[in-house]
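**Q** Chains as they are written, first to last, in this note's numbering: chain A, 819 to 1092; chain B, 9 to 173.
Please note that the accuracy of each hint is not assured.
[As the list claims (entries may be wrong)] No more than 25 angstroms apart at the CA atoms, straight line, and that leaves these computed lysine-lysine pairs for DSS-like:
| id | chain 1 | residue 1 | chain 2 | residue 2 |
| --- | --- | --- | --- | --- |
| 1 | A | 951 | A | 1076 |
| 2 | A | 1037 | A | 945 |
| 3 | A | 857 | A | 951 |
| 4 | A | 915 | A | 1037 |
| 5 | B | 133 | A | 857 |
| 6 | A | 1057 | B | 133 |
| 7 | A | 1076 | B | 133 |
Calculated from the structure, these hints are not laboratory results.
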Amino acid sequence: MSRDLRRDFTDRADMITYLQEQFPAVLPGPVPETPGGRKAALGALRRFEITRYGSSRNYLRGAVSRLSPYIRYGVLSLAEVRHWALAQVDDPRMVEKFIQELGWRDYWQRVYQQLGDAIWEDLAPYKTGFSPKHYAPNLPEDIPRGTTGLVCIDSFSAELHRTGYLHNHARMWLAAYVVHWRTTRWQAGALWFLEHLLDGDPASNNLSWQWVASTYSQKPYFFNRENLERYTEGVYCRKCPRYGHCPFEGSYERLSQKLFPHAEDPKKKHRKPR
Amino acid sequence: MNFTNPVVWVHGDCLSPTHPALLAYPTRPALWVWDEALLEEWQLRLKRLVFIYECLLELPVVIRRGEVAAEVIAFAQEHQADGVLTTASPSPRFQVIRSTIESTLPVTVLPVEPLVAYDGFLDLKSFSRYWRVAESYAFQASTPTPDLTQGKHPPTPPTTPGSAD
Chain A
819 MSRDLRRDFT DRADMITYLQ EQFPAVLPGP VPETPGGRKA ALGALRRFEI TRYGSSRNYL
879 RGAVSRLSPY IRYGVLSLAE VRHWALAQVD DPRMVEKFIQ ELGWRDYWQR VYQQLGDAIW
939 EDLAPYKTGF SPKHYAPNLP EDIPRGTTGL VCIDSFSAEL HRTGYLHNHA RMWLAAYVVH
999 WRTTRWQAGA LWFLEHLLDG DPASNNLSWQ WVASTYSQKP YFFNRENLER YTEGVYCRKC
1059 PRYGHCPFEG SYERLSQKLF PHAEDPKKKH RKPR
Chain B
9 MNFTNPVVWV HGDCLSPTHP ALLAYPTRPA LWVWDEALLE EWQLRLKRLV FIYECLLELP
69 VVIRRGEVAA EVIAFAQEHQ ADGVLTTASP SPRFQVIRST IESTLPVTVL PVEPLVAYDG
129 FLDLKSFSRY WRVAESYAFQ ASTPTPDLTQ GKHPPTPPTT PGSAD
């Protein structure tokens, strides 16, 4: 008969010590600031300023829900979060953007149901003008180490490792940097995220990386410094020694020509964040 | 789901006290298994283990580790169970584990209420194609609002576009 693992602990620290003893092979590291469980999930729901979500969600300090770890593990179901959202407002249009985001999660799950482990493969050719061979198979070490010298990228990397959470926009900038500026296969980045994200789910994670890479979309997602500075309210750029001459400088047209010189239509508009 | 004495297998896609099988059979034994092979394959970090463990401590589950299907079958046999109840998951690994359990015991997979309660064809070629059909269903609320304990958000029925009734 198998041995049951403990359920009674004096406090969180006691539980963490026990887990480290039980799973010595699990890589050590920081413990999450986000607590698990239904009580914590309902607390996150109470704190969520849903009426500010639509207009502020792309900003790093915007009113995002922080519900994703709870939704990923089914602590909250999409249907009950949807119902809660609709109950907060008289007009459903006020929560339209948030419900659409729930739709994205549902959509990725349905695609996963259909494709299974094929979500680890390129679902279509890159639209960047490059073949898959152009992309390196492994993540450059300076990215997870947070030593690229780019304050924004290094900060996102450190935050991912420390907290297991990243704002959606930061995920997209980081993914675009990995794939398009460092020409690394999206799979390497997706695996890195899955290791660290509390809400790491193969469907949402991999398919979003493919969306950025352009292997599951019509064009690559990329950004410029102006975009990043705007939505981060300049907190990284102001202290970055490479401000004004970083790899993200320039118009979308110029960056597109630089990043994708062989693409069929480099003047194509860039993707906007979802 | 005509089981007399089932056990409940709780997996990582439904760690809620509102788990349909836990609600349907509140007195029957329930099990969570740490999937040792998956832990190694995904190189999951301590922070994720802690988060999941905190979820598990709010559920009436026995916590074990090992090879999931073997542990579920052993648990069911310990409790003279005539079947296993669980919830749906899109994960291919879930399908493999389910099939392995089914070689020994019947398994019933209960649905969790979906965001989009629509059984017709949904075109998954792109999000916009999917959303064109799914959107009106996504705005139809039928689940009770979660009880937020302080009663700040009573479950008032919202006005939904496209609601037939």
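**Q** Does each hint fit the structure? Answer for all of them.
**A** Results of checking the hints against the structure:
1. 951/A with 1076/A: holds (19 angstroms)
2. 1037/A with 945/A: Distance of about 6 angstroms is within 25 angstroms: holds.
3. 857/A with 951/A: violated (47 angstroms)
4. 915/A with 1037/A: Between residue 915/A and residue 1037/A the Cα gap is close to 22 angstroms, so the pair holds against 25 angstroms.
5. 133/B with 857/A: violated (37 angstroms)
6. 1057/A with 133/B: Roughly 42 angstroms between the alpha carbons, so the hint for residue 1057/A and residue 133/B is violated.
7. 1076/A with 133/B: violated (30 angstroms)
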